[in-house]
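On the provided structure of chain X, position chain W as indicated by the hints.
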Amino acid sequence: MRLAGKGRNRDAEEVRFRFDGRELRGRAGEPLAAALMAQGVRVMGRSFKYHRPRGVMTAGSEEPNALVTVGRGAGREPNVRATVQEVHAGLEAFGQNAWPLVDFDVMAVNDLFAPVLGAGFYYKTFMWPRRFWEKVYEPAIRRAAGLGALSGEHNPDPYEKAFAFCDLLVIGAGPAGLMAALTAGRAGAEVILADEGVEPGGRLLSEDETVAGQPAHVWVATALAELAAMPNVRVMTRTTVTGAYDQGTYGALERVSGHLASPAPELPRECFWRISAKRAVLAAGALERPVAFAGNDRPGVMMASALRSYLHRWGVVPGRSAVVFGNNDDAQRTARDLAAAGVHVAAMVDARPDAPEVPGVPTHRGAVVTGAAGGRQGVEAVSLRLEDGREERLAADTLAVSGGWNPTVHLTCHMNGRPVWNEEIAAFVPAEGAVPGLTPAGACAGVFSTRGCLEAGARAAREALADLGRQAPAAEVPEAEDAPYRLRPLWAVEGKGRAWLDFQNDVTVKDVKLAARENYRSVEHMKRYTTQGMAPDQGKNSNVAALAVLADATGRSIPETGTTTFRPPYVPVSIAAMGAGAQGEGFAPVRHTTSHAASRARGAPMVEAGLWYRPSYFPQGDEDWEAACRREARMVRAAVGVADVSTLGKIDVQGADAARFLDFVYANTFSTLKPGRVRYGLMLREDGHVMDDGTTARFGEDHFVTTTTTAAAGEVMAHLEWVRQGLCPAWDVRLISVTEQWAQFAVAGPKSAELLDGLIDGGLDKSAWPFMSCGPVTVQGIEGRLFRISFSGEEGYEIALPARYGAALFEELATRAEALGGGPYGMEALNALRVEKGFITHAEIHGRTTAFDIGMGRMVSAKTDCIGKAAASREGLSGPEREQLVGFRPVEEGAAMSAGAHVFAEGAEAVRENDQGYVTSVAPSVAFGGWLALGFLRDGRARHGETVVLVDHLRGTRVRATVQEPVQFDPEGGRLRG
Amino acid sequence: MRLRCPLCGERDRREFSYKGAAVALDRPATEDWSAEWDDYLHNRANPAGETRDLWQHAAGCGAWLVVTRDTVTHAVTEVALARDAARGKGAA
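Here the protein sequences line up with chains X and W, keeping their order. The opening residue of the first sequence carries number 1 in UniProt numbering; numbering runs sequentially from there. The opening residue of the second sequence carries number 1 in UniProt numbering; numbering runs sequentially from there.
Some hints here could point you the wrong way.
As the list claims (entries may be wrong) - Which bits of chain X does chain W cover? Going by a derived footprint, with three or more residues having C-beta under 8 Å, they are: (1) 242-254; (2) 544-558; (3) 723-735.
Unchecked claim - Computed list of lysine-lysine pairs in DSBU-like fashion (alpha-carbon distance at most 35 Å, straight line): (4) K161/X to K6/X; (5) K510/X to K496/X; (6) K161/X to K19/W; (7) K766/X to K674/X; (8) K766/X to K89/W; (9) K674/X to K863/X; (10) K19/W to K89/W; (11) K89/W to K863/X; (12) K513/X to K496/X; (13) K19/W to K863/X.
Keep in mind the hints are simulated off the structure, nothing from the lab. The beta carbon of each residue, even a glycine, is placed where N, CA and C say it ideally should be.
Pulled out of the complex, with its shape left as it was, chain X reads as follows (with noise of 0.2 Å):
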C-alpha cells in the first residue's frame, strides 16, 4: 500500500500499465515491484521447482522472486526483474512459471510431491527406464520447471555495442563512488561514472540519514550537480558493469529504452559497452543476506534494508503490520523507520543477548523468528522463540529480515581473485589486487558507514590518479552517518518445516545438509548437487549463507570450506546486447565487385565465396543452374566468354629482393621469370601441404603482380608479411593488396581475341602476346593491364582495369561478347570448365593435401630452400600410399555423381575399412555430356582406366566410374596455346 505523503518520487505522473492481464495504475518510473507493492499485489512470481507463491524480495537487480515477462509478441522478454523494471504508460507485464495466472497456479501441486523433489532427484528418480530420459522425464520435468520463455520468434527490437575510454570507471554511485568520481573530476581526469539504478545515488536514496548536514539524497543531487557541470566526467545510468577482463577492460549494460512508454524508434532496447579504463574503482555496494528459516520464502518476507527502500524512494511498504528480524544494528533502522511512518511494528526480534532498544517498538533480544505461516498470499504470523526459550506467534503480514551484509565483491572475482573471509563482518572482502588496476572502496570492500564510504571513495581516486601520475586535491569528506557495524553471524535457525537458502533455484537448508551427508562436501559439489547458486541470480542471495550451513554440516570453517566462482556477467545480458549489429547481413561484412550490379540486373543468382558474392549463371529464359551452366561453358568453348576474377587476392611485390622472397614462399622458382611473363606458382605450409596456388606476373626487375585463390587471399597475404617481418627482415621487399584497386575480367575462348582486338587501344597484335604473357595496354586512355592465362583451357586473357572503371568495363565487355555469339558466365560454368582440364581450387587443395598428392611434387625447388621444403620431405607425405588427384568419368553415361562421395574398389564393401578416397568436385560437362569428377585415389596415378564405385552414403547413391587423368578434356593444351 502506499503511504501518503510518503517517497520521494510524491509528484511523479500517474499512469496506467496491466500486470498478468489486470490495468492497474502507478507512479510513472518506480520499479514494477513497488507499483504491485502500493496495489496490494503480494505474489508476483512462483518458484522454479515447487511453483510455490513468491513476492518480492529485495529492491535491487539481485531480486530472486519477482521475475516477469514484459511486452509480448516477438520481442517479449522474460525473467525481467520487477525491482528493475520502470513502470511506464502502456508497460505490459506478465507473471511466469504458472498456469493459469501466479496468483492461481495449477501447477503448485508440484509442492505436494516436495518430499520427493530434494536436492537431487533427478538423479535418484528418473534412472530408468533409460529410453525414457529423452521422451518423457526430460520434457515434463521441462516443463514443470523452469522461468519465462522466449517467444521463440526472430528478435526485433534493435540492440547496439558502443566502446568507452577513461582514465577512471568509477563502478557504483553511492557515498564512496560519488566521492571518488568528485575526487577524480575535480582533478581533471576522464571519469566514468557507471550506476546500475535509475538515478546515482546508491543507499543514500534509500535511508532517512544525513549528509554534511543535509538529508542524504539532497546531497547527492548537488554532487550530481557539481558532476554534470564537468566536461570530462560522463554519468551513466541504468548501466550495470557486467565484467572485469584484461587490461582494464569492463563489460557494461546499458537499459536504454525498456523504461520509455514510446521509445524513439532510432533507440536501441539495450546497449552493450566495452569500456577500456586506465584505472577503476569498484563502489559497488554490498547486498543484504537473508536468515533462513521455515517459511522464509513466503509472500511478505523482505529484506529489511529492501523495505527502507520502498518506504524512503516510492513511499508503500507491504503490509500494515511488521515483524523485524536481525542479527546487527542495521536491522534495526527497519523497525525505526517503519514505526515512524506509522506502520504497526509488532517487534523488533534480534538474535543479538547485547543488542539496543528500538524506542518504541517491543524488543526481544537474543530471541529468533522460528517460522513463517500463512496461506498463498503470504505471511499471516510469525513465530518466535525468546531467550528464555519461550515460543511465541505474533500476528503480522510482513517480515523484515537482515542477516547482515555481503561485499559485493563479484567483480574482484573475474580474474580469478579469490575473496577473503573477514570474521569481524562475517563475510568475503575482495583478495588485495584481485583486478589489476581496479581499487574496491566502500561497503564492496566490507566499509559499512556512510562516512567510512566517503572517505574510502574519495581515497581510491586520489590512490588511482597518483598511479596515473595526477595529483588529486585532498577532497573534503562531509560529516555523515559513521556508527560501528555490530553483528553477529546468523544464517539458519534450527526448526520444524522448509527453511529456504536459494529462493530462486528452489534449494532449503536440508538440500544442503543431503548433499553434506551423501559427501557432496566440496562447494563445488554441493553447489552442482543441489543447483544452489545457479539461477540467474548466480546465489548473490545464498551463496554465503549455503557456504556456512555446509560448513556447519561438515564441521568446518567457512574459509577451510571455500566458495565458489563467481564469473561474469554480474546480472544477466541478453545474446542481443552482447551480439548487437551481428544479426543477419550485419553476421560478416559484404563484399560486392564491380560488376555486382550489372550481374544482378541480369538476373544472376549470387553465390558466397569467402565474403564476396560472385554470379552463380546468367540464366536465359526459365534455364535452370544446369541448363546455364552448360550453354555458358558451351558458349567458351565456342565463341568468347566473360568473368569477373576480381575477388582473386592480388598483392604487388616490390623490391630488390623481390623475386628471392618468391622464391621462398613459393615451392616454384620465380626469380628465372623474364619480365612480360606470368607463371603458375604453388604454395606451401611451413608442414609441408599446399597452401595455395595462383598466378604471378612479373612486370619489371623489382615488380611483381601475384595472385591468390578468392578465399585464402587474407591468410595468404597474413602468411607473406610473417615470412617477410619474421623470417627475412633485412631483405629489401615490400608487399602491398591491391585486390580492391584493380577490376579484373577473364575474356576466354576461341574468339577472346577478336574481343580485345577491338576494345584494346590500337588493337590486339595476337603475336605478341604468347600463353602466358602479361604487360600494359591502355583502353580508350585508360592504364591497364593485360594476361595471357586461362582457367578455362581455352585461348584465354585478364584484363585489369583501375576499379573504379570496373562497372563499365565489365558492360563494354559483355556487350562485345555477346556481338559475337558469347556473353558473360558465372561461377558454375567456370567450375565446369575448370573440372574438365582438371584444374584445381580449395575443394582440392583443401588443407590435407601435398605437391606430390595434386602431381606437383617435383615442383618442390631442388636448389633453393623454400617454406614448407623439409617437412615436404616427411616420409608419409609422398608415395603409392597417399591419396593422389584423378578424374572420374561414370561407366553408365549420365549418371551424376556427387562431391562428398567415397571411392571403393569394385566388389569391397562400401565401410571405412574398404574406403580408397573420395570425391572433391562433380560439375556438368559439355566436352564429354553427361557429368565429371575430380577427386582423390589412393595410389591414383597407378589405376588410370581401372573402374571403382563412388559410394555417397550421405545422399544414398552409388556409382560406377572409370579413373582418369586428372585432365580430361585437351590434355595437349593446344586450345589455351591457341
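Positioned in the frame of chain X, the structure of chain W alone reads:
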C-alpha cells in the same frame, strides 16, 4: 584484452590476430627434415606463466609482434616488433 602495438599504441584485442608461439622465429637453416624441424613445427611448451606469442596487428598497421605475457595473470609484459626480434637473432 588490450595490446600496445609499438607502432600504433594500445589497441583492443579485436584488431589483432594470433599465430602461435614465438618459436616460429627460430626457423632451422637446414633443408632436410630433422628432429630440429620436428621441434620447430610441432613441439610446444604449455607454460603456466610467461609465454611468448606471435600476433599480427592485422586490422591496424600489419606489423607482426612478439608478445610476452603471463598465461596465469594475463599480464602483458612486453610487445616488440617481430622484425626487431628476428634481426636480433641474426636472421637473413
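Right, here's what the structure says about each hint:
no., hint, verdict
1, 242-254, "holds (count 5)"
2, 544-558, "violated (count 0)"
3, 723-735, "holds (count 7)"
4, K161/X to K6/X, "violated, 39 Å"
5, K510/X to K496/X, "holds, 11 Å"
6, K161/X to K19/W, "holds, 28 Å"
7, K766/X to K674/X, "holds, 19 Å"
8, K766/X to K89/W, "violated, 51 Å"
9, K674/X to K863/X, "holds, 19 Å"
10, K19/W to K89/W, "holds, 19 Å"
11, K89/W to K863/X, "holds, 25 Å"
12, K513/X to K496/X, "holds, 14 Å"
13, K19/W to K863/X, "holds, 29 Å"
Violated hints, in rising order: 2, 4, 8; the structure is consistent with all others.
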